[in-house]
Amino acid sequence: MAILIKNPIFAKINGDILKATDLTHVFLSKGETLFQEGAPSYALYLIIKGQLKAIFTHKDASQVVLNEISAGDIVGEIEIIVGGKRSMSVVALSDTQLVKLPKAAFENLVEKFPEVLPKMAHIIEQRLRHRQLVTILPNLFGPNVTYQEIESRIEWLHLRGGDPLFRQGDIGDSLYIVVSGRLQVVVEHKDGKEQVIDEISQGESINEGGVIFPGEKRMVSIYALRNCELAKFSQLTFERVIKQHPDLMMTIAQNILRRQRMRNHTLPRSINNNAANIAVVPVSPDAPLTDFSHRLLSALSAFDSTLYLSSARVDNFMEMTGAAQWSPKEPQSIRLVTWLDEQESKHRFILYQADMTITAWTKWCLRRADKIILVAEAAAIATRDEMRTALLNAECLTTNVSRILVLLHPDGSQQPSGTQQWLSAWQPKIHHHIRWNQEADFGRLARFMSGQAVGLVFSGGGARGFVHFGVYLALKEAGIPVDMIGGTSIGGHIGAQCAAEWDRETMLRVNRKGLIEMNPYKAYQLPFVSLLKGMKMKESSVMAFGDDTQIEDLWINFFCISSNLSTHQMNIHRQGNLEKAIRATTAIPGIAEPILEKGHLLIDGGILNNLPSDIMQQFCRTVIVVDIAEQINLTVEYDRIPSSWEILWSRICPFKKSLQFPSILDILLGATLLSSNGRAKIVKADADFYLKPPVEQFKRLEFTALEELVEVGYQYTKNEIENWQNSGTEKWKELEFWIPKKSR
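Per this note's numbering, the sequence shown runs over residues 310 to 1053.
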């Protein structure tokens, strides 16, 4: 027993107690297996002499040697602490002698000597992060860079939630790899305001520029969103690795360019793409949390490995009653933390289902969350009850961890209503309406959770915008998911109808009545404020959308853009009265009456951003852009501007040649698109899929071509989808992954 007594874990335990413990000797020949990955864990082993190797098997069946274990070391410590099956195989590298300590005997020792647990946990922590780094390095730097090359030069850093890794303006000279946890990238502007532009999760590298250009000031600040473990590489270590693997510079350069593009965007492109830990929390008393978690689990599992954990499942996995309810202050909680850390290394996503009340397990869920889904029955009332008050004060809900509100509906028989009460109460980053009888809604939520959401963006362009609905129909028919819709001007008008999930018949009937029969674009008045009557425009808008429908009550998340004449900035309408927002986004200056909103004048969004794919990129990874805007050429072949009477007379007199001079409508529309056309060239270059339907033969106010335009959009998009499919590009493969097989 001498070697057992000398081991630091058991050093303070009385030798007589150890001798009385149920210990047995185990002998292995070279090449013999001690235990296989997936086998039950019944014992802990201590090597007396000889050497073993631990082998880990990846999902693709490839294997990697995690480490070699020599005399004096322990083996099988993770499972003996946390329960469950063996997470690796252990094979003898030479003839080896071990001492076997059965699990029951180990538990008796822990009961008498609780200090054994934290000592064991320290060893487990080192081995877990070693295993995580071994898995990360090939994905990050390629298969030729091994852990052994840099192991002795790594400096490990631990950050608690809220701690800075570094701040903007600091001098950079190191590279970091996130081994566990999640961090947030923040730009601090000259006016003192901070802007979150990115998030960094497990397996990503940080500050590559710091080792390439040492001494340069950091361009951003980075903070831990929750507890993080990072491996720090000095400039010297980095240079040695680069000398051995010069091709590694290409990967590093790509990371630098990606981050630079993030900083150059006014709005970030779909941050939170790789959330690992998702807490599911009830915010109404009757929320069917378990059933909801199972449905989301099924949808997420289609994307990647997903583990569902409730307090009961944790107890079962760990084979310890009450394990999930240990508080961080209890010594036994080391077992829970260790087990949860191990699960994060095995699964891309973990669904942490909270209890229905504030318990120790609910607090663990919040503490470890990258995102928090707040689940409520849509028909419930958002009240300031004990649960809500406790959650608002709970750890993590007061940090920058994203909150996502999910409102559950039994089916789609009734349009959502009253969403604003929930948004006001919880201030989520985004919300989703989920119909219990529609799997597609859970698929949409899973895409947002996994950072794979698909956004559809419609541009302005007058009556030609009817083509947008044909595009939407073709995408829907092909099974291509549309998770969020945004638009400007007529693009916002039609986009709202798509977000409300109108069918073809409803769309044609409503627009025929509102824009053709009511004909608001022929309701002229004395042009003191606008050429067209504002009341007539409102009547048409109310007829289409109702006077009390809210943007947040649409089935699909939606936004539209208007231009604020008072602040000279874009207004992004994501909440509020829908018909008013539609009138704002379509208010062509000089033609339609501006919209008054809290003392501000709002006009057509095309003035500032006629193609708002850059806004969509804040929420969705894949963006499909539909551009119907035209480059208006107002070049004229006249020496002077003819008078109004000359133009009129030329058009009514059969003996005179008609003067073709730009009309007031041409001039105003040209002015509307003047500033946004340059911006559109930039944002559409970033679009993943770009559609330009052939609508040049239609006039800007040719609303009577409604059905023909819808059909043009439908047929054109069907052909483009075939082209995408035949192209076989990586972008199409990503999109195709989400298309139901029956639709392909």
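Calculated from the structure, these hints are not laboratory results. These numbers were taken from a predicted model, which means no experiment stands behind them. Built from N, CA and C at the ideal position, the CB exists for glycine as well. Please note: incorrect hints may appear among the correct ones.
[As the list claims (entries may be wrong)] Pair by pair, the computed Cβ-Cβ distance ranges are: (1) Val838 to Tyr999: 15 to 23 Å; (2) Gly471 to Asp404: 45 to 53 Å; (3) Tyr351 to Gln747: 24 to 32 Å; (4) Lys526 to Asp369: 35 to 43 Å.
[Claimed, not checked] Cut-off 27 Å, straight-line C-alpha distance, at most; resulting in silico cross-link-like pairs (DSS-like, lysine-lysine): (5) Lys409 to Lys368; (6) Lys552 to Lys502; (7) Lys1008 to Lys831; (8) Lys738 to Lys907; (9) Lys412 to Lys394; (10) Lys638 to Lys428; (11) Lys638 to Lys847; (12) Lys428 to Lys412; (13) Lys785 to Lys1027; (14) Lys409 to Lys339; (15) Lys785 to Lys845; (16) Lys907 to Lys502; (17) Lys655 to Lys362; (18) Lys409 to Lys785; (19) Lys368 to Lys358; (20) Lys680 to Lys655; (21) Lys339 to Lys412; (22) Lys368 to Lys907; (23) Lys831 to Lys842; (24) Lys339 to Lys358; (25) Lys847 to Lys822; (26) Lys638 to Lys785; (27) Lys502 to Lys680; (28) Lys831 to Lys785; (29) Lys1027 to Lys1042; (30) Lys655 to Lys368.
- Among the hints numbered above, which are violated by the structure, and what are their numbers in rising order? Violated hints (numbers, rising): 1, 3, 5, 6, 11, 15, 18, 19, 22, 26, 28; every other hint is consistent with the structure.
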